[in-house]
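Just so you know, the protein sequences line up as chains A and B, in that order.
One point on numbering: in the working numbering, the residue at position 16 of the first sequence is 216, and numbering is uninterrupted.
One point on numbering: in the working numbering, the residue at position 199 of the second sequence is 663, and numbering is uninterrupted.
Worth flagging that the hints you see were computed from the coordinates, not collected in a lab.
Small disclaimer: the values here were computed from a predicted structure and weren't measured.
All residues carry an ideal CB built from backbone N, CA and C; glycine is no exception.
It is possible that part of the hints are untrue.
[Stated by the list, open to error] Calculated from the model, a selection of chain B residues having no Cβ within reach of chain A, i.e. all distances over 10 Å:
no., residue
1, R574
2, A666
3, M673
4, V682
5, V704
[Claimed, not checked] Covered stretches of chain A, as calculated for chain B (at least 3 residues, CB under 8 Å):
no., segment
6, 274-284
7, 358-370
8, 591-603
9, 615-628
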Amino acid sequence: MMDTALLYDRLQFAVTATFHYLFPQLTMGLALLLVYLRSRDLLSDGDHFHHVATFWTRIFALSFAFGVVTGIPLQFQFGTNWARFSEFAGGIVGQTLAMEGVFAFFLESSFLGLLLFGASRVSRGILWLATVLLFVGAWLSGYFILATNAWMQHPVAYRVTPDGRLTVESLMGLLTNPWLHWQFAHNMTAAVATGAFVMAAVCALYLLSGRHRAHAETCLRTAVPAGALASVLLITPTGHESARQVFEFQPVKGAAFEGLFRTERGADLLLIGQPNMETMTIDNPLVVPSALSLLVYNDLYAKVKGLDAFPRQDWPDHIALLYYAYHIMAGLGTLLLAVMGSALIRLWRGTLFTARRLLWLLMLSAPLPYLATTAGWMTAELGRQPWLVYGLYRTEEGLSPLVHSGNALFTLLGFLGIYLALGLLFVLLLVETLRHGPTEPDVARGD
Amino acid sequence: METLWYALLTCVFIAYVVLDGYDFGVGILSPFVARNETERLRLRTAIGPVWTGNEVWLIAGSALLFLAFPKAFAAGFSGFYLALMIMLWLLMGRGLAFELREHGEHELWRGFWDGIFFLANLLLAFVAGLLVGNLLRGVPLEADGYFFLAWWTDFRPGAQPGLLDWFTLLTGATMVALLTLHGGSFLTMKTRGALQARTEKAVQSTLLMLTPLLLALVVAVPFVQPFFGRHYKAAPIGSVLPLLAAVALLSRRLTPVRRRPVVGFAASSLLVAALLAAAAWGTFPNLLIATTDQTHSLTSMTAAAERTGLEAGLWWVPAGLALVIVYQVWIHRLFSEPANSDASSLTPP
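When you get a sec, could you build the whole thing from the sequences and use the hints?
Structure follows, in C-alpha cells:
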C-alpha cells in the first residue's frame, strides 16, 4: 500500500500536468502554422490570409489562456508538494525552469497581448514579427521544460555537493543532454500533429456544413501537409529513436512498456494482449515474431532484457498501465498517419474538398492526437518510476515533510473540481468560437 | 554573491507587485468606477495588452528563487501550502474571467465573470499582503528548516502562529488599499473625462484609508518582529526607503492628476516599490525568519544554492531580464495612449 500522502501528491501532479498539457500542445503546434499563415499574408495581396491567421490566433489565445492558468500550478508544486526534491535538485532544475520563465514565457505572454490588442495599431510586418516571437517563445518554452524533464529521465552535467545536494556542472551540458534531442523532436512533432489535426477538423466541419468555404480550403491546404509530415516524423525517426534510447538507458522501462516479462533472444513485438500480473504473462497475445529485437538492435536474434533481469524494487510501479499507455500511443500514432496520409493523397489529387467521408473522418479525428500525447507522457513518466531522478533519487524521498495527506487531498479535490469546470468551459467556448467562425473578407470592417 | 541574488530577487518580486499590482487594483476598482459596458470595456482595454506579461514576473520570480535559494523555495512553498494553492486558484479565476467574459454577449454571462474578476483580484491582493505579513512576522521553522502554517491558530503573532493573525490581517488589508490606489493611478493615466474623475475620487478616498493603515504597520512591525528594528539600527542607510515611501505617498496626494496623470502613477509605483524594499531591508539577510528559535531562520547564506549554480545563473539572468524589460517597455509605450473602447479586431464582436 502506497503511503497516502505520496499517492495524493503523485495524483495531483499527474492530474494537473496532464490537464495542463492539453493546451500547450495545441498552442505550440498552432504557433508554427500561424507563422506560415502570417508569412503568406505578408507575401500576398489582399486580406485573405490575414483573416485566416486572425481566426486561428483567436483559437490560439483561448488555448493559451487555459495553458497559462493551468501551468503556474506545476511550477509551484515543485515547492509546495515536492519540497525535499526541490531542496535536493534545485541547483539543476531551478536553472532550466528559470530559463523558461525569463527567455520563453515572457516573450510568449508579452507578444500575445500585442497580437490580441494591437492588431489594429500596428502594421502587418509587426504582426508577422509578433507571431514569429510567439512561436519562438512557445517552442523555447517547450525546450526548457523538456530539458528539465530530460534531466529527470537521464541526469547529466551535475555534481553532488558535500551536503548531499546537487549543483550544475555545466549549463551547456544541461541544455544539450543527449536524451533531450529526440525527446524534443518527438514532442514538438506531436504538438504540430495536434495543431494540424485540430485545424483540419475545424475546416472539415466548415466544408461539410457548407460555411466559410475559402477559409476552410486554405487551412486544409496548410494543415494536411503539415499533419501528414508530422505523423511520419512522429513514428520515424523521432518515435523510433526515443524508444531505442529507452532500451539503451532505461531497459527496465522498455521491458515494461513492451510487456516483456522474460529476457528473450529474438524477442517478439507485441501488438495486442493484456498483461497478467499474477502469472507474469500476456493473455491472448498478437505478436510480430522477432520484431522487437530487430527494431531495438537491428538484429533478428538479439537478446532483449525482460523484467526478470532487474530487481523487483526497480520495476515501474504500474506495469499494466504503463504497457497500455505505450500501446495506445503507438496504435494511435499509426492511425494518425493513416488518416492524414489519405487526406494528403486526396489533396494532391484535388478531390479532398468534396470527399465527404474523409472529411467526416478528419473531423472526428481531432481528439486522437490529444489521446496519443497523453498516453505518450504517461509512458515516459510512469516508466520513470520508482525514480524521481532516474537512477539517482526515488520518488518517495521527494515529498514535502510537513504537508500531510489531508492537505494534499484537499487541494487534489480542489484541482479536480476546478479542472472539470475548466474543461467544460473550454469546450463550450471552443464550440462558440467555431460557431461564430472567421470574419469573412467581404463583411470584414477595414482597419 | 548571495547578497547580490537576494537583491536581484527582491527587485523581481517588487517588479511583479508593481506591475501585476495595478492589474489587481483595476480589478478591485472596476465595479466602483465603471458604470456601463463602454466604461468596463475601457478598463479592459487598459490592462488587456499587458496583464499576461505582468503575471510572468511572478512565475519568473518563483523560478529564480528556486534557482538561487532552493532551500527557501522548498521550505517557503511547502510551508505556505494553503495560501499558495488558494492563490493559484485565484490566479486561474482572474485570468479566465478576463479572457472569457468577451466570449459571450449575454449580460448574465458578463456579469458573472465581472463578479469573479472583482473577487479574484480583491482576494489576490489580500493574499499577497497576507504573505508579506507572514514573511515579516516570521514562521515557525523547525530544526530541519521546514514549517507548515494552518490558516489560523489563536490569531496572535506568537511562536506558533497561523497564516491569519491580527498582524497579517493588517498587512492584507494594507495591500488591498495600496494596490487599489496603485490600480487607480494607472487608470487615471489611461482614462479621460468622467471615468477619470470618478477614478481619481476613489483614489483619494483610498488614500485616506491607506495612511492610517500604514502608520499602524510602522508601529506594529518592530513589536511583532524585533529583528526588524535591529537591522534598521545596524544598517540605518535603509531608512531612506520608508522616507521615500512617505514622499511618494505625499506626492501622490498632491499631484494634479488630470494634468499630470503619469506623475501620479509614478508616485504610486514608487510607493509600492519603496514599501516592499523597506520590508526587505528589515528582513535581510533572512529569507524566512523563525518565530521558534532565531538559529532556525533561513538566511541568504544558509538557503543559497551552491556557488557554481549562482555564478552560472549570473551569466544569463541579468541579460535575459534586461531583454524582457526592453520589449515590455516597448509594448507599454505602444499602448501608452488612453484606452478607448474599440478593443481590437480580434475579440469577437
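* Exclusion check [B:R574 not at the chain A interface, CB over 10 Å] -> For B:R574, whose nearest Cβ neighbour in chain A is about 14 Å away, the distance exceeds 10 Å, so it holds.
* Asked: Is it the case that B:A666 keeps its Cβ farther than 10 Å from each residue Cβ in chain A?
  -> holds (25 Å)
* To do: Could you let me know if the closest chain A CB is still more than 10 Å away from the CB of B:M673?
  => For B:M673, whose nearest Cβ neighbour in chain A is about 31 Å away, the distance exceeds 10 Å, so it holds.
* Three residues minimum, CB to CB under 8 Å: does the segment 615-628 of chain A make the cut for coverage by chain B? Let me know. => Since 3 is at least three, the answer is holds.
* Asked: Taking a Cβ-Cβ distance under 8 Å as contact, does the segment 274-284 of chain A have three or more residues in contact with chain B?
  -> Three-residue rule met by the segment 274-284 of chain A, so holds; n is 8.
* Take the segment 358-370 of chain A, compare each residue's beta carbon with every beta carbon of chain B, and decide whether three or more fall closer than 8 Å. => Holds, because 6 residues of the segment 358-370 of chain A bring their Cβ atoms closer than 8 Å to Cβ atoms of chain B.
* Consistency of the no-contact label for B:V704, given chain A and a CB cut of 10 Å -> holds (29 Å)
* Asked: Taking 10 Å as the cut and beta carbons as the points, is B:V682 off the interface with chain A?
  -> holds (31 Å)
* With a C-beta cutoff of 8 Å, work out whether three or more residues of the segment 591-603 of chain A approach chain B closely enough for the coverage to hold. => With 4 residues closer than 8 Å to chain B, the segment 591-603 of chain A meets the three-residue bar; holds.
Violated hints: none; the structure is consistent with every hint.
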